[in-house]
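> Each protein sequence line maps, in turn, to chains A and B. Going by our numbering, the first sequence opens with residue 1, and the numbers climb by one from there. Going by our numbering, the second sequence opens with residue 1001, and the numbers climb by one from there.
Hints in this document: simulated from the structure, not taken from any laboratory. Among these hints, one or two may not hold up.
[Said to hold, decoys possible] In silico DSS-like pairs for lysine-lysine, Cα to Cα no more than 30 angstroms straight-line:
id : chain 1 : residue 1 : chain 2 : residue 2
1  : A       : K197      : B       : K1488
2  : A       : K163      : B       : K1488
3  : A       : K315      : B       : K1373
4  : B       : K1373     : B       : K1464
[As the list claims (entries may be wrong)] So the derived label-pair ranges between C-beta atoms look like this:
id : chain 1 : residue 1 : chain 2 : residue 2 : range
5  : A       : G87       : B       : R1456     : 50 to 58 angstroms
6  : B       : G1381     : A       : T59       : 54 to 62 angstroms
7  : B       : K1464     : A       : P186      : 19 to 27 angstroms
8  : A       : E318      : B       : V1462     : 23 to 31 angstroms
9  : B       : F1328     : A       : S321      : 34 to 42 angstroms
Each residue gets a CB set at the ideal place from its N, CA and C atoms; glycine is no exception.
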Amino acid sequence: MNPDFLRQKAEIALLMSLPFLVERRLSSLLDTFGSPRNVIEAIRSPGAIPGTDENLLVTWKAILDERRPKEYLKFLEKIGIKILLKGEESYPPMLGDITFPPVGLFYRGKLPSHGVPTIAIVGSRKATSYGTLVSEKIAARLAREGVNVVSGLAYGIDSAAHKGALSVGGFTTAVLGCGLDVVYPPGNRELFSLIEKNGCIFSEYPPAGKPEKFHFPQRNRIIAGMSSVVVVVEASSSSGALITADIALNEGREVMAVPGCIFSPNSWGTNSLIRSGALPVTGVEDVLEVLGVPPQNHSGLHVTSSQNLSRNERKIIEALSGDFLDPEEISAGCSLDTQEVMSDLARLELEGLVRRGLDGKYHAAR
Amino acid sequence: MLASVNGAALLGIDSYSVEVEVDIASGLPAVEIVGLPDPAVRESRVRVKSAIRSSCFEFPNARIHVNLAPAHLKKEGPSFDLPIALAILQASGQLNCTLPSNFISVGELALDGSIRKVAGAISIAMGAKERGAPFLIVPEEDSSEAALVEGLDVYGISSLREAALFLEGSISISLARSRFDVEKLLGENHLPDLADVRGQEPAKRALEIAAAGGHNLMMVGPPGSGKTMLARRLPGILPPLLLEEALEVTRIYSSAGLLASGSPIVTRRPFRAPHYSATPAGLIGGGTPIPKPGEASLAHNGVLYLDEIALYPRNSLESLRGPLEDHFITLVRANSSISYPARFTLVASMNPCPCGYLGDSLRECKCSVGEIKRYLARISGPLMDRIDLQVRVPRLTGRQMHSRSRGESSRVVRERTIAAQRRQKERLSTGSFCLNADMDQRMLAEFASLTPEAKRFMELAVEKFGLTARSHDKIVKVARTIADLEEKDVLDVRHLAEAVQYRFLDRSII
């Protein structure tokens, strides 16, 4: 690689590691001073950057005095983190077009291949069994079509999307709101390493960067920015997924939403997105259509009755298609014994035919 | 003059006899009590003096030494009043007889000479019988309780005067007899009925399994869904107390002074629901000089219910680990160590999330997934490891409640749990009381072996739900109980599949 470029890379990585010097601030400094080297010099010479907090400048200067760009790059390499600059060929093409594209991105894993269609699947962390199921199915299908499935590694819809894509050997990208040596949420450690192996993990934040609250809307701009379509699977009124959808609209991306039960608080956000003009997702084909992939038979998400099921099991699945029920409601609805229902549900769940949500309600899964 | 009369003191639920020695010597008039008396014992000099005078005797105008032997154990409470008074009367030559040796007497004196009840009469009677005392004198009020012990002559006496006359042989008193038909009382079941709870079939089923196999139970549900109402119905579906179990419970209540007057024996399985402000000492027992039983022992052979378990301080919950494992509590103090039995079924309840409304049909839950995980993790760990069953108790809407039938009564369910426990005792006859929940690794391998098909099922479940080896064993134990309820010897997939449903908190959450 060009040594000049390598140096520039190291310098930008170092600049990105300074506290509170990310996002638009860094790009405006680069615009003002022309090159990263000049920015470093400016920070080290007193009075060159007006309008920045004195204490912050002192901190930055101290860090820059201590670290050399090349050493920092070596340190990153040692902990398995690489950096990708805006302008490099592998930089997500659509991301460069947004209002404040990241100057650089830290990453782990392998970069998505150039020109691959990219779709974000986002939604509520506290998903229902319906939400995780839809998320998984859509992600799996898209990944099979060669789509790079982007999401945020959060619990619920995000995790389901990553898992769906991985389940068919597809490519998936996670964008984090913290440093790449921090696993957030901690419960997703296993998923994190799976994605590192079979996909890519991006972050704008330097190693040891904490998952601060204010990072996430910025992170969402990257998720929306690198995708041509943002699919919101489930979102309550306060969900961060709605922020992603907002950014996507502002950046001219297609926003799609999965309709849900009007009584479910988790579908409030998605249903209101549809009301204000987002495309409803009535099947994976709808998403593929927007991408321009020719539609095949339209049966993707519907329940297909399975082989070797007993009459009772069939009854239960029937009751659970299109409805969330707890075991007692099932036993009342199908007039079966409680113990029979409990036992059948466990077996059906192991066979992947029904799902249990975080709230203890069941739903048919195929 | 010297005289001695035997009294008795409690050490936990056991009693030991105390020799009360009185010496009347010349000197300045005073009463000196030695032998590590606590204030209540020391104050007995006042009660004894007045009671002797009120009973038309004379209190010796001399120096009186009272020694309570063995002298190294601390003596507590007012139950030595009667033996002290009798010994003083004997030593001052006011009784027209020599007292028979080795009989035991207990009682608190009122100033007018009447005798008040004491704690632990049944334990004192058991101890008296063990030590071969010829007869026992107890307060009239306690005579029915003490008379439960067979093979011991018990006399209930209501005043000091009466006691003196009786010992002199001037009056005769008939032997105290228990006024209660214990066997009949044990058979009765006036506890809250399961049929009062509408719906909540999975929770009722879990209660039945808990009762049948001695499993501890966790109920997860929003506020107002009926968790407490359900828990209160567990004692009613447990098999009735056996006589020896009832006596054991009675001794604990008696030593804690908690027996209701008029019911000398506990005939129902206890249900204890300590508030979450309970301290470790409140739960497992404590106090000085002789520790009193705590809630865990008061729930012996019954149910200990911890409502909103997440609110209990961690150290209080941790203190329950010992009794959950060993079924007894040993309280060690500087000069005594006391064991109280504590074999109880733990029923705990908690909200599904910090705000309580996760999965509720009426209100939206405001908690984040991280908060929910942290909340559930608060109780996990060692205590959670001792809870075999977990069940959701959703809140029913008014309409759902009315549409659901009353279901089975406790009487019907209890017949099944009795039969299931009988099967377990025959199978696990290890000499000691043992139910499926108490099975160790060796017993699991011997009595709950899995068919190849069942093994495959469990492997799949462990993989798919992310279960640990520990939850695997718990599922097998619970499945064993489910099979016992069906009177089946072989564990099949159906039983395991149902049991898997009662471990939903162990599953990994995405």
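> Which numbered hints turn out to be false for this structure?
Per hint list: 1, 2, 3, 6, 9 violated.
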